[in-house]
Every structure is written in C-alpha cells, then in structure tokens.
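Line by line, the protein sequences are chains V and B. Per the numbering used here, the very first residue in the first sequence carries number 1; after that it's consecutive. Per the numbering used here, the very first residue in the second sequence carries number 1; after that it's consecutive.
Since the hints were made in silico from the structure, they are not lab data. The structure presented is a predicted model; accordingly, all values stated were derived computationally and were not measured. Check each hint, because a few of them may be wrong.
Same chains, same names: a pair is fine if it fits in one copy or spans any two.
Below, computed lysine-lysine pairings styled on BS3-like, alpha-carbon distance capped at 30 Å [what the hints assert, rightly or not]:
id : residue 1 : residue 2
1  : Lys133    : Lys160
2  : Lys86     : Lys270
3  : Lys258    : Lys160
4  : Lys258    : Lys164
5  : Lys18     : Lys4
6  : Lys89     : Lys18
Number of protein chains: 2
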Amino acid sequence: MSGKIYYNGNIVDRENAKVDIEDRGYQFADGVYEVVAFYHGEPFTLNEHMERLVFSASEIDIELPPAEILIKEAKNYIKETEYADKNAKLYVQVSRGVASRSHAYPDGMEPIIIMKAGPLDPNPEKYFQEGVKIITLPDERWSRCYIKSIALLPNILAKKKAKKAGAYEAIMTRDGFITEGSSSNIFIVEDETIITPPATNYILNGITRQTVINRLAPELNYEVKEESIPYYTLLNTDQVFLTGTTTEIMPVVQINDKVVGNGKVGKETKEIFEAFRELTGFVRGK
Amino acid sequence: MSGKIYYNGNIVDRENAKVDIEDRGYQFADGVYEVVAFYHGEPFTLNEHMERLVFSASEIDIELPPAEILIKEAKNYIKETEYADKNAKLYVQVSRGVASRSHAYPDGMEPIIIMKAGPLDPNPEKYFQEGVKIITLPDERWSRCYIKSIALLPNILAKKKAKKAGAYEAIMTRDGFITEGSSSNIFIVEDETIITPPATNYILNGITRQTVINRLAPELNYEVKEESIPYYTLLNTDQVFLTGTTTEIMPVVQINDKVVGNGKVGKETKEIFEAFRELTGFVRGK
Numbered sequence: 001m002s003g004k005i006y007y008n009g010n011i012v013d014r015e016n017a018k019v020d021i022e023d024r025g026y027q028f029a030d031g032v033y034e035v036v037a038f039y040h041g042e043p044f045t046l047n048e049h050m051e052r053l054v055f056s057a058s059e060i061d062i063e064l065p066p067a068e069i070l071i072k073e074a075k076n077y078i079k080e081t082e083y084a085d086k087n088a089k090l091y092v093q094v095s096r097g098v099a100s101r102s103h104a105y106p107d108g109m110e111p112i113i114i115m116k117a118g119p120l121d122p123n124p125e126k127y128f129q130e131g132v133k134i135i136t137l138p139d140e141r142w143s144r145c146y147i148k149s150i151a152l153l154p155n156i157l158a159k160k161k162a163k164k165a166g167a168y169e170a171i172m173t174r175d176g177f178i179t180e181g182s183s184s185n186i187f188i189v190e191d192e193t194i195i196t197p198p199a200t201n202y203i204l205n206g207i208t209r210q211t212v213i214n215r216l217a218p219e220l221n222y223e224v225k226e227e228s229i230p231y232y233t234l235l236n237t238d239q240v241f242l243t244g245t246t247t248e249i250m251p252v253v254q255i256n257d258k259v260v261g262n263g264k265v266g267k268e269t270k271e272i273f274e275a276f277r278e279l280t281g282f283v284r285g286k
Numbered sequence: 001m002s003g004k005i006y007y008n009g010n011i012v013d014r015e016n017a018k019v020d021i022e023d024r025g026y027q028f029a030d031g032v033y034e035v036v037a038f039y040h041g042e043p044f045t046l047n048e049h050m051e052r053l054v055f056s057a058s059e060i061d062i063e064l065p066p067a068e069i070l071i072k073e074a075k076n077y078i079k080e081t082e083y084a085d086k087n088a089k090l091y092v093q094v095s096r097g098v099a100s101r102s103h104a105y106p107d108g109m110e111p112i113i114i115m116k117a118g119p120l121d122p123n124p125e126k127y128f129q130e131g132v133k134i135i136t137l138p139d140e141r142w143s144r145c146y147i148k149s150i151a152l153l154p155n156i157l158a159k160k161k162a163k164k165a166g167a168y169e170a171i172m173t174r175d176g177f178i179t180e181g182s183s184s185n186i187f188i189v190e191d192e193t194i195i196t197p198p199a200t201n202y203i204l205n206g207i208t209r210q211t212v213i214n215r216l217a218p219e220l221n222y223e224v225k226e227e228s229i230p231y232y233t234l235l236n237t238d239q240v241f242l243t244g245t246t247t248e249i250m251p252v253v254q255i256n257d258k259v260v261g262n263g264k265v266g267k268e269t270k271e272i273f274e275a276f277r278e279l280t281g282f283v284r285g286k
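Please build the complete structure, drawing on both the sequences and the hints.
Shown next, in the form of structure tokens:
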C-alpha cells in the first residue's frame, strides 16, 4: 500500500491509516461518505458533494465543519498526493467517532473525517460506447436512502449479484416502482423526454443525476420529468441510462434477459453522455 | 483503555486493536456480530450465539470457521482476560476483511474476527423491579433484519430517540404491526398467554426470545403464541416485556405517554424474569 491519507486534518502514511475497533463507523455503520471525481487535478462538483456530506451527517445528528472548510481541506489534500494533476477519485468518510460500545451515542462526540485519493479507474470505453447489462432486484434497503450512509450492506449484496450475473449494476424495485441502482441513479428516455424517479426518501439524489436534470438536459433542450417509473415501463422503454460519480453516464442495452430498444445506445443518451464528457473536461486516456 | 482483545486468533493489547480504513466493515457495514453474556465466567447460550453468527455470516456470503471452533476460541479468550470468573459481556464482530474499496467484494476474502470482553453492566435493579418506559417509532430498517448485521444505523438512531425521550427502548412498527426494539425483542401477555411477533425477515430471532419461548414459558406452563401484534393491541394490553442478552427480561410499564395495565409489573412477567435469573445463575451484586 502506498500514498497519503487525510486523517482528521493530518496527512498520514497509508499504512498508518487505522481506526479503533470501537470507532462507531465500524461497529454501527454510524457514518456517511462521498465519492468525488477529479479530472486532471480539478474537482468536479466538489461543492455539491461536500454540501451533501454535511447534510447527510446532520440527518444522523453528526455536526461537521461547514462545507467550505471541507472543500479547502480536500483540495489541499489532493495536492499532497500523487494525484495532484491527474484523474482521481476522492473517497471521504465521516464516522461519529470512538466510544465505548453502546447503541445510544454520547452527545458531543468528535467526528472522524478520513479522505483517500485513488485512481479514477474509469469504466472500459466499450461500456460507454456499446452499453451495459443490468439486472433488477427487490429493494431491501432502509427507508432513508436519501442519506448517503455507510450502512451499505444491502447495496454491496445487490452489486455482487449483478456482477455474478455478468451485469454492470442492479436496479432495485420497491412496491412495483424502480428506485435506483446499488451505486447509481437511473433514467429512461421516452419520446425525447428524459424521465427519472423523483428524489423521495427511497433514493439518493445523486450529484450526477442533478447535473443531468439541471444542466445537461436543459442545455440540450430536452424536457425532464421526475416521476415514478413502474417496473414494466422500465422493461418496455427504448432507452435507459445510469448516472453516478464513477458511473458517469452509462447506457444500458440489456435488462435481465431482455434487450432494451434495438440494443444500441440511443440518440438522446449519446448526446447526454457526450455533453457530460465535455462538461467534466475528461479526455480518455490522459 | 486496558484489557486484551481477540484479533483473528491472536490476543492483542487493547491499544493495538485497530482496523484498516479499507476494512469492509468500516466502509460498507459488511459484517455481522453477536453479544454473549457470561455469568461468573460461565457463558450463557454461547453455542446458540455462535451458531447464529455463522448463520448470519453465511447469509451475506461470508464463510466462518464452524461454530465449535468459535466457541472454543471465545472460552479461551475470556480466560485470558480480567473477566475469567466474572460477569461479562462478550462482543464478537466479523467483517468480510480488507480490500481496495469497491461495492462488489472479491471472492475468497479472509474474514476478520474480533472479540472484546467488557463488564456485563447490568441495568439498574429498579428497572427490573418497577419496569421501564418505551416509545414507539416507525421501523425504518431494511427487510433482512433476521441477519444480525453491523448495519445498525437505523437501530442506533431509534435507541437515541428513546433515550432522549427518557425511555429504555424504542419499539418499531411496520405496516401497523410491531416488530421489535432497536436491540431487543418484545412480548405481551394476554389471558396468561405469552405472545410475541413471529420470527419473520423483519425481526432478529433473539436468543433470549428463544429461551423464553422454548424453555421458560413451557416450564412455567404458559402457552406461547408467535403471532403478529397490531400496534393498537400493544397499546391496550396489560403486560409487556422486552428480551435481550443485556436487556435480559425487562418489564415495560409505560408506552409513550400511556401506562401499561395498572402500571405495575404483572405476575407472568415477574415469573419469567425470576426463572431467567435462576437459569443464568445470575446473582445481583456478585
């Protein structure tokens, strides 16, 4: 292992980045996180991610420093790493801190903030150009998915099932409607309209999701609707794509054993994908 | 901090008991746990707890050594600690292990098993003799609560709400029926019959719950029914008690602002409480 880790305001060597066994993040999933992409050393939507981190924390009664401070810390930290001018992925984790094990947390604990930079590890270019397969599964998660918590056990089990089925992602359904993927949001395209499930408590309102809705689709003059998508609508629509920080804009051409549309990446999906690449300044292979 | 920690087969000093920041237990709540009571150095239902640990792990695709081995390890470990002949609480945590962060776990990972002994910290005797208050809350947890996973964020938030309300526990309701507490199971008594919600996927089938159903109630000649309990039945019943490893048999005399029955601990509850004390060999103050 190599590299430097941000650990509560200090930069430490990777091999010294350990947490106590009574860190509540370890014993209770008592924490929240973010993943931020950096393109050529420049953060993409860092502000939005850090604001969401502060929000997620506050929803579980953890008080963080203001987002502006975290943003500065993240930028300074990245400069100290081997990713200073590269494409990178920044993982930020917050736990409530260390305390003798007891469900009810003490008041006034000092949260622990850890950041780790790593390679962006982009998906194979083939996935973006030709599309991927997804599977569908019942949504087994808790009812507060709008919090980006580290209680990710249902998500990782769903993702593993997807991988075992040779799929990129598992899309979850709750009460007959689709919610989102194990680590991505989902969109469909119908008659040139971009549709995605609304940001209820059952989904994480992804930053890339918001970028599509508020920026890319309007710039391309596509109408966007946030409305519930029944399972059968998903199976019978012509275009599907996923969004996420590392997923970026990922076309879907197969759902379980069913081919989506004509099995090729559709026009609107391709335009949104290209607009996203332009926006991030990402150049493949650099 | 003092004491000795069991860490994957080794006994280490407390201050050296750390886990890597990429332990999947820390980043994904990718693990399971147990809490076992020892009375005067003798484990209580240790076999049942370790068998459940192996079961929970297998449900999330983690392969553990057979329960018999874990039982031996636990007994040997306790002997090495200051709790060798005392009342104690043994915390056992399993995580899938350490890997570069990615939702889908690699196959064949080496799980990490940690055990920590601590004082049993019994509840105040007054709680057992006079009963406690509970509150009710919507059940926000995932749909696989039969797995004793470390993804406890909803549980700790519920427990904290209970404490803030001056209550011992929060009992959760799903679709109009009660499920369980944030760290305990619940029973009611109606016409000398002991009733508790069935062990569906929405509850953790507690070892103390099973002890009441399979051992204490039959010995006392009480009929036991495992059937769904509507919220309004809970509010209007005469006797309520909770069960759990550290909760033991805990009478409830108030639910939210409503007094249960006549506000005193009922006859059947008291008998079950006393039978449990006898069974564990627990002598207060020893």
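Violating hint indices (sorted, rising) = The structure breaks none of the hints.
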